[in-house]
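> Sequence:
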Amino acid sequence: MRAIRAALLAWYEANARDLPWRRTRDPYAIWVSEIMLQQTRVETVKPYYARFLARFPSVEALARAPLDDVLASWSGLGYYRRARLLHQGALHVAEAHGGDVPRDLDAIRAIPGVGAYTTGAIASQAFDLEAPLVDGNVARVLSRLFRVEQDPKRGAGHARVWALAGELVRGEAPGALNNALMELGATLCAPREPRCDACPVRARCQARLAGVERTLPIVAEKKARPVVSEFAAVLRLGGRGAGAGGVLLGKRVADGLFGGMWEPPRLAAPDRTAFVGELAAMLGVEITLPKRRARAVEHVLTHRELKVTVYEGALGAAPERVAAAYRDRYVEVALVPMGDIEQRGVSTLARKILGG
DNA sequence: AACTCGGGGTT
DNA sequence: AACCCAGAGTT
0 MRAIRAALLA WYEANARDLP WRRTRDPYAI WVSEIMLQQT RVETVKPYYA
50 RFLARFPSVE ALARAPLDDV LASWSGLGYY RRARLLHQGA LHVAEAHGGD
100 VPRDLDAIRA IPGVGAYTTG AIASQAFDLE APLVDGNVAR VLSRLFRVEQ
150 DPKRGAGHAR VWALAGELVR GEAPGALNNA LMELGATLCA PREPRCDACP
200 VRARCQARLA GVERTLPIVA EKKARPVVSE FAAVLRLGGR GAGAGGVLLG
250 KRVADGLFGG MWEPPRLAAP DRTAFVGELA AMLGVEITLP KRRARAVEHV
300 LTHRELKVTV YEGALGAAPE RVAAAYRDRY VEVALVPMGD IEQRGVSTLA
350 RKILGG
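Under numbering that gives the first Met the number 0, think of the first position of the first sequence as 0, with each following residue one higher.
Everything labelled a hint here was simulated from the structure, so no lab data went into it. A couple of the hints might just be wrong.
[Stated by the list, open to error] Cross-link-like lysine-lysine pairs, in silico, DSS-like; alpha carbons within 30 Å at most:
hint: 1; residue 1: Lys351; residue 2: Lys306
hint: 2; residue 1: Lys221; residue 2: Lys351
hint: 3; residue 1: Lys351; residue 2: Lys222
hint: 4; residue 1: Lys250; residue 2: Lys152
hint: 5; residue 1: Lys221; residue 2: Lys290
hint: 6; residue 1: Lys306; residue 2: Lys290
hint: 7; residue 1: Lys290; residue 2: Lys250
hint: 8; residue 1: Lys221; residue 2: Lys152
[Said to hold, decoys possible] Each pair of labels, with its calculated beta carbon distance range:
hint: 9; residue 1: Met337; residue 2: Leu104; range: 43 to 49 Å
hint: 10; residue 1: Pro269; residue 2: His96; range: 50 to 56 Å
hint: 11; residue 1: Ala162; residue 2: Ala49; range: 34 to 40 Å
hint: 12; residue 1: Glu319; residue 2: Tyr78; range: 47 to 53 Å
hint: 13; residue 1: Ala323; residue 2: Leu104; range: 28 to 34 Å
hint: 14; residue 1: Arg40; residue 2: Gly237; range: 39 to 45 Å
Ideal placement from N, C-alpha and C gives every residue a C-beta, glycine not left out.
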């Protein structure tokens with residue numbers, strides 16, 4: 000274990016990528032980066048990270064901000080619940096800890112949106128606590144290094160990789176050690192084609208010694224992704240009334256898919272006629288859709304594939320609210336000038352629907 | 001333990 | 001097309 004630690008730390012020292020969140024010890028900044036990096040690639044996160052910290056530079060600033068502003072800053076990043084939980088987390092830290100991220104493991108873990116991985120990341124990187132962490136990269140590295148032949152995402156395999164991470168992190172520079180494990184998984188110990196020739200611990204890798212490095216880690220089979228068909232409408236108000244020129248957006252309920260985000264109204268319906276009826280009922284005004292000129296928008300998510308038929312249409316009048324029967328989906332509607340859409344929390348799917 | 005939740009790059 | 005990524009919360 001000591002030799003592996005030393006090899007990993009020396010390799011990391013010489014090969015670490017220069018990432019924005021590695022240039023700070025501010026626990027808030029590290030926290031923000033870790034939430035953004037959940038299931039999201041480094042290159043995707045970089046611009047969001049810089050913009051987010053510029054707009055919300057402290058726990059207090061984030062806690063004071065309206066959730067809608069936070070969602071707007073998250074627009075396009077995905078997994079929007081993360082933004083909601085991060086905001087809740089800021090409120091929690093502001094109230095329970097006076098705005099300072101706590102240095103206690105249990106207190107960190109109690110922050111909304113902070114799970115086992117993020118606890119270890121904040122504790123080790125911001126406070127140099129000997130707290131382990133296991134993400135997808137670390138799970139793969141440890142599965143190979145110690146030849147764990149069970150799915151590291153659950154059951155005994157999960158317990159095993161966390162125990163190994165706990166043993167490895169004990170010692171000096173826990174933050175660097177954790178980063179070294181992640182860096183190794185991100186750069187050399189790749190899922191398909193690991194570059195073992197350049198690996199600092201290849202001589203001690205149990206999987207490589209047994210010739211099974213490409214078959215580990217064991218992963219569960221994935222379920223097929225169902226295809227869901229929906230309709231959406233990009234609606235504008237005719238004439239010169241209030242809101243003329245704007246496009247109608249609905250704000251989705253907090254829970255579920257795209258929670259709290261704005262989008263052109265999107266409904267499942269058997270056909271175009273039914274969709275127009277649903278839409279008119281939801282908005283309480285007359286809707287005019289052309290028979291043709293529908294566009295097809297496809298959007299792939301983790302657990303489903305959306306195929307959306309998009310119509311450009313007109314409103315008979317400006318709707319004031321969502322009908323009660325539809326408030327399990329939308330909580331508010333607004334006519335938004337195209338130029339103001341960037342200030343709303345808008346999903347990438349909504350951008351595609353608006354895109355034309 | 002299973003399920004939900006985005007988006008995008010790589011192979 | 002398949003794969004997978006600095007995961008967490010709910011049921």
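> Falls inside 50 to 56 Å, the C-beta gap from Pro269 to His96?
52 Å, holds
> Taking 30 Å as the top limit, are the C-alpha atoms of Lys351 and Lys222 close enough?
26 Å, holds
> If you check the beta carbons of Glu319 and Tyr78, does the distance land in 47 to 53 Å?
32 Å, violated
> Mind checking the alpha carbons of Lys221 and Lys290 for me, to see if they're no more than 30 Å apart?
Not OK: Lys221 and Lys290 at ~40 Å, beyond 30 Å, violated.
> What's the verdict on Lys290 and Lys250, does the C-alpha distance respect the 30 Å limit or exceed it?
Between Lys290 and Lys250 the Cα gap is close to 27 Å, so the pair holds against 30 Å.
> Within 39 to 45 Å or not, the Cβ separation of Arg40 and Gly237?
Since Arg40 and Gly237 have Cβ atoms about 43 Å apart, the given range 39 to 45 Å holds.
> Is it true that the CA of Lys221 sits at most 30 Å from the CA of Lys351?
27 Å, holds
> Compare the distance between the alpha carbons of Lys221 and Lys152 with 30 Å, and conclude whether the hinted pair is satisfied.
13 Å, holds
> CB of Ala162 to CB of Ala49, is that within 34 to 40 Å?
37 Å, holds
> Quick check: does the Cβ-Cβ distance between Met337 and Leu104 fall within 43 to 49 Å?
Since Met337 and Leu104 have Cβ atoms about 47 Å apart, the given range 43 to 49 Å holds.
> Does Lys152 sit within 30 Å of Lys250, going by the straight-line distance between their CA atoms?
The hint is violated at about 35 Å.
> Would the hint linking Lys306 and Lys290 be met if the CA-CA limit is 30 Å?
19 Å, holds
When each numbered hint is compared with the structure, violations occur for hints 4, 5, 12, 13.
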